[in-house]
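Protein sequences, first through last, are from chains A and B. Taking the working numbering as reference, the numbering of the first sequence is continuous, increasing by one, and the terminal residue is 300. Taking the working numbering as reference, the numbering of the second sequence is continuous, increasing by one, and the terminal residue is 459.
If you are wondering where the hints come from, they were derived from the structure by calculation, not from laboratory data. It cannot be assumed that every hint is accurate.
Unchecked claim - If you only want the chain A side, here are some residues facing chain B, beta carbon under 10 Å, derived:
| no. | residue |
| --- | --- |
| 1 | R163 |
| 2 | L164 |
| 3 | E183 |
| 4 | T194 |
| 5 | A208 |
| 6 | R252 |
What the hints assert, rightly or not - Just the calculated beta-carbon pair ranges, DEER-fashion:
| no. | chain 1 | residue 1 | chain 2 | residue 2 | range |
| --- | --- | --- | --- | --- | --- |
| 7 | A | R187 | B | E19 | 43 to 49 Å |
| 8 | A | A213 | B | Q244 | 42 to 48 Å |
| 9 | B | D26 | A | A86 | 54 to 60 Å |
| 10 | A | L26 | B | G120 | 46 to 52 Å |
| 11 | A | R162 | B | L324 | 43 to 49 Å |
We put the CB at the ideal spot given by N, CA and C, even for glycine.
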Amino acid sequence: MNDPATIIALVVITLISLATSAEALLRLHGSSNTARASAWPAVGITAAILGSTALFCYRWLVVNEDYALLQAHVDGLLLVAALLGAMVLVFRTRRELRGLAAFMLPVQTLILLWAICAASFTFELFAVATPVKTLHRVGVYLGTLCVAVAAAAGGLYLLTQRRLRNKRGVDPGQPSNPGGNLETVERLIIHTATLGFALLTVGLITGAVIVAASETTKLGAGWWYSPKVLFALAAWLMYAIVMCVRHTTSFRGARAAWLAIIGLALMLSVFGIMSAMPDQSKTNTDIHHAPNHLPDAEDR
Amino acid sequence: MRILMLGVNYRTAPIELREKISFDGDRLDHTLTGLCERYQSTQIVILSTCNRTELYVARPDGQPPNAAQLIEHLAAMGNVDAALLTPVSIQREGEEAVRHLFRVAAGLDSMVLGEPQVLGQVKRAYERAAACGAAGPAMHAMFQQAIAAAKRVRTQTGIADGRVSIGSVAADFAKQIFDRFDDKTIVAVGAGEMIKLAMRHMIKIGPGKLWVINRSVDRARALVDDLGIPAGTGGARAFDDLDQLLVDADIVLTSTGSRKPIIDVKRFRQLVRRRKHRPIFIVDIALPRDVAADVGQLPNVYLYDLDDLQKVVARTHEQRSGELEQCEQIVRDAVSACYEQLQNRDISELIRKLRELMHDISEVERSRTLRKIESSDAMAIPDAMREILKEHNHRLINKILHMPMHQLNNGGSDVPLGFYAAALRRLFGLDDSQESKPSTATAPAPPGPQRHDPRSPQL
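Bound conformation, chain B alone (with noise of 0.2 Å):
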């Protein structure tokens, strides 16, 4: 089987590509069905994530797909034109693509490095593939061990340690001041960007209450429709609401445009009793600020700005960094003993049908030669001879083939097993595809230069 990666990422496509070639859902079940029926013998998976939509097939030697037709396959599927997908589309074979997985697997070609989520995605993207009855063999193997190997990668080093966001981050220092947040109100000062996605990981604690407030009421509630926010929790309240929110808020994300800081110590001061003296988290991811940094200095007060959090963001990107050696030491290996299993399963199959070959051949022969001698003795040969001939032929061909295929079950990890695949493929002209064997040829057909593509590896 050749093993085939095909698709774009966030490093060769932009957004607005990417997302006309994602796969979710019953679109990804028809797609997969779809190749399936065209391509019968051919084992695909479909990984679409927003960063990425790749194809990992697996076809026998010589069969379509090739990567143009699956680049074309993507083109129809997205509506989009396959000239402009060509060059932003990446391609690996054999151990490449094997590797590229493994990789992505391991948050190691993420966008960020080490982040969780694409193992997950992984996993669902083979779950899918194998409901679907287009994971074969080699794809179980595949995604099986690369999914085990990610798992290693993430339990073994650090990659995954820390946290990568600013929003992230903000949530996991509101968690070493509050138990609970059920009970908690956050407050967004702001309709922006930054507050958008500082929300977004806010929203995933579980708040009691969550308020938006801009000088545009407008804003705040296109983002807090955009947040989801159910109408019972919370909502979008005007700018004059600000003190009465900051005494009812426990966590209060602020990032506006203003130059001039809008919440300064002597108007927070005046709200520390009618807090009761509670804690609050502020986090001002403003730039200018738009808190006082001596609002800080108040009882009970934690504030938090842009460079409080992106110093904790660096710390973890440097620490994963550290850890890159480590976790490619674990892909390769991990790689290295994939590789050789699926390269071991395919020279199986192949001495499989280079027996099969040799037998039938022998087979042709011996009728003919015993069609030759009925003719020319007229006489009949008993069965006893015709079974010594078939012995004879058959204990022939296992005196032949024992050794090239003791060199290729028992040679060692040094043997080039790619290489006798692609010679064994080349010089008996065994094709993946040969689904009838060769009943009737005399002899192994010469294999086409179509066949043989020299830079990569017959798997």
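Here chain A stands alone, though its shape is the one from the complex (with noise of 0.2 Å):
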């Protein structure tokens, strides 16, 4: 079990990240009465970066003894998560991107509340922290924040492709026009899209150097076909794909979108699947789990 500030401080940013992805789909959908300028979205963004923030760093300095970053799998998704609500208020200073709030924000609501799950139900310590797992950690957890923004991107681009095309909700100037271009979103999709699999390669590069280096591992065996290194690398693929939209004819617009989104759900089920793969190995070797010797495991 973690420490109970975490947990508390995780669920009141959790509830500020919820109001304002409920007051951004609102705002999406037409039906908010605040339509105009409000002042409240940014409030709540800025409340919930700051607190994913602190706790990140009340963690690092105060509960992790010996001062490592991402400790816990906790850690990597408040990081996660700070990040992405600094990306939407990046993305509302742009007029083309502002809609995409309306998609990044339940993506980090939907990471905190999993941030609650791993500090109160599924958390563990990380193994011990070498130049390489460390490498491995901030691949996947930096690459995991570009294909959530390629994701939202690829949200945002097929709700204003399909208003375009049945020509409902965007009339110029109409408060539920998310008022993006789908050229800019496109550009978007590929940018985070190429950055997030070259941070998923390296990623991919250093887990497969950690377990083939291990005698044992969670993963078991025949690790190399286990289903989170098939999903990992069907996920690699897909924004492999994405990244080739430009160059390829047939991945352009929806199809370049899908294939984020879709690209984002096989990043999430290989989480999933570590979380709730039953552990096989009990060794201080293995990538994702600490040895359960440590004395104080279990008060972190």
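Put the complex together from the two separate chains, hints included.
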């Protein structure tokens, strides 16, 4: 069990994020009374960012005794949530990407909900940090952040496209109009997918190196065809395709958007599988598992 | 000062007449200068747009120019018969003239309700007049407040929201598909009036290439020339090039007289691969339609027809009409405030003139009295006595004028200042035009009936 302060703070931040997400979704749906400029979304997003960052730093400097970053899954999820919120704030300053908030904020809420679960139900410390393992975690978490943004942009693309094709909710100046344009959103999908692809490649290679170097892993003996590895490879492949959208004729527009969304779903599946997978080893060489003999593991 | 507005607009005069009496550039400056030289104590601003030519004049009471003289001047400038101009001209005086200006500046009198261009045109007209020295204090107050009120109307209401022309709506939709246009190609199919109007809006978004395709290449060339498309950025093409242009195009505007669709799904599907699945925005403003409806079902094709665009235009009109009452209220308040300010300025001037008149009369009477005393007594009156007499007159005038002046200055908003001003002018013969004071007059001259116009307030 994690420390109670972390869980309480996480619940508060998640509630703020949930309220901000609801407001953004209502605005997109056109049923929000605050269709014109309102300070609330910016305040809510900022509060969620500051809360996530403060909690991340608190865990890093106070809870984690050896002052190591990313000692548990909850730390990684907090980092992703804070960065996601910061990106929403940045996108809000650009008229053509303002509609992304309605897609990114729910993702942030989901990540924070997951962080609550990771902190209270499935809490476990990562194995001892080595440069390769740190690189693996940074690659995986920041890669996940990028693919989350790509998927959110994919959602915005599909919504805008659907409205343009159905000719509903696209009147210029209409409050529910996300205000973006397909070309900018498609470019964002490709850029974030490219960055995510690079980071996930790093995560995948370092993960393979770690698993190959260990004698026994949580993934079992045939680790290379385990669901985690296969899903990770599938997600990696998705982003490889999205990256090539500019150069291929058949993966433009809506298809690129769908691929970005499927890529995120696969990434989340990888995390889900890892959390649900029964432990097959108790060695300290595992990627995602701390040695059980650490005396204070349960206290953190 | 009397405020007068005289002019013609799209409601009263046909375009053939309006274009003859429109002013721009040097012609406007020349007209302003000419009017100012001819009517020296008059303030004039000329607002000349494609929809209206209006003269706003503030002149001293009883002085020229009157409406007939202004019409003659306009007719002479436009080389048209004044008799033609008189029945189509509109005249407003006093508060009505001020209200007209405020409504025009706010776009409430425009052909397209709430259109924004007229505010810029009002600003430029005022700046032009100010630069020529034709706009005096009354015009400064009127135009500055009209511009401020128009800005309030635009920001505090939804009168300026939305688009009101097919071309601008199409351009707005294009901006929801594409981010930049300098690398995009626009193809216009047809060379009629509808295409011309829509293309004028499309040119504003700055496309990289712009082609006009028509069965008659000569008509396409004429349209290219009319739109001023430079040779390097497009031109006219033969109708046989349609397929190739559909491959190159990012935006297609089409309006031909064809009875059957010229682009059907079979034809376009063959082009999709050659287009490398790039998005395409097709605006079909033809009736009957030039593009089969099922083309819009193809991936990355955004097909909009006349109905789709007109729905947006209709919604905008509906939305703007709903804002009209709020706009009129803002204008009413602003006009009242402005007119009151102009009246107060006028009253202050009248008070000053009345006081001067009284003092002039008292000075004349004092001199006569002194002369009589000196001639009857054959003795010189000491200076101290002269001063006492002068002070006596001064105090007497001040006491007599105190109550009416107080009423005029501090009477509150319910005081009919216009009526008082008219009464003062009439009773004391106070004329804005009187340059020289009645230094030798023994009594104010009786007001001439020609100075009184019972239909208009005396401002």
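Status of each hint after checking the structure:
1. At about 9 Å, the closest approach between the beta carbon of A/R163 and any beta carbon in chain B falls short of 10 Å, and the interface hint on this residue holds.
2. Below 10 Å, beta-carbon pairs count as interface contacts, and A/L164 has one with chain B at about 5 Å; its hint therefore holds.
3. The interface hint given for A/E183 holds, since its Cβ lies 4 Å from the closest Cβ of chain B, which is under the 10 Å cut-off.
4. The beta carbon of A/T194 comes no nearer than 18 Å to any beta carbon in chain B, farther than 10 Å, and the hint placing it at the interface is violated.
5. Interface restraint check: A/A208 against chain B, minimum CB-CB distance 35 Å, threshold 10 Å, status violated.
6. Nearest Cβ of chain B to the Cβ of A/R252: about 4 Å, under the 10 Å cut. The hint holds.
7. Hint check: A/R187 to B/E19, Cβ distance near 47 Å, so the stated range 43 to 49 Å holds.
8. Look at A/A213 against B/Q244: about 59 Å separates their beta carbons, and that is not inside 42 to 48 Å.
9. For B/D26 and A/A86, the Cβ-Cβ distance of about 57 Å falls inside the hinted range of 54 to 60 Å, so the restraint holds.
10. Distance hint check for A/L26 and B/G120: the Cβ-Cβ separation is about 37 Å, which falls outside the suggested range of 46 to 52 Å.
11. Between A/R162 and B/L324 the CB atoms are about 34 Å apart, so this pair departs from the stated range of 43 to 49 Å.
Checked against the numbered hints listed earlier, the structure breaks hints 4, 5, 8, 10 and 11; every other hint is satisfied.
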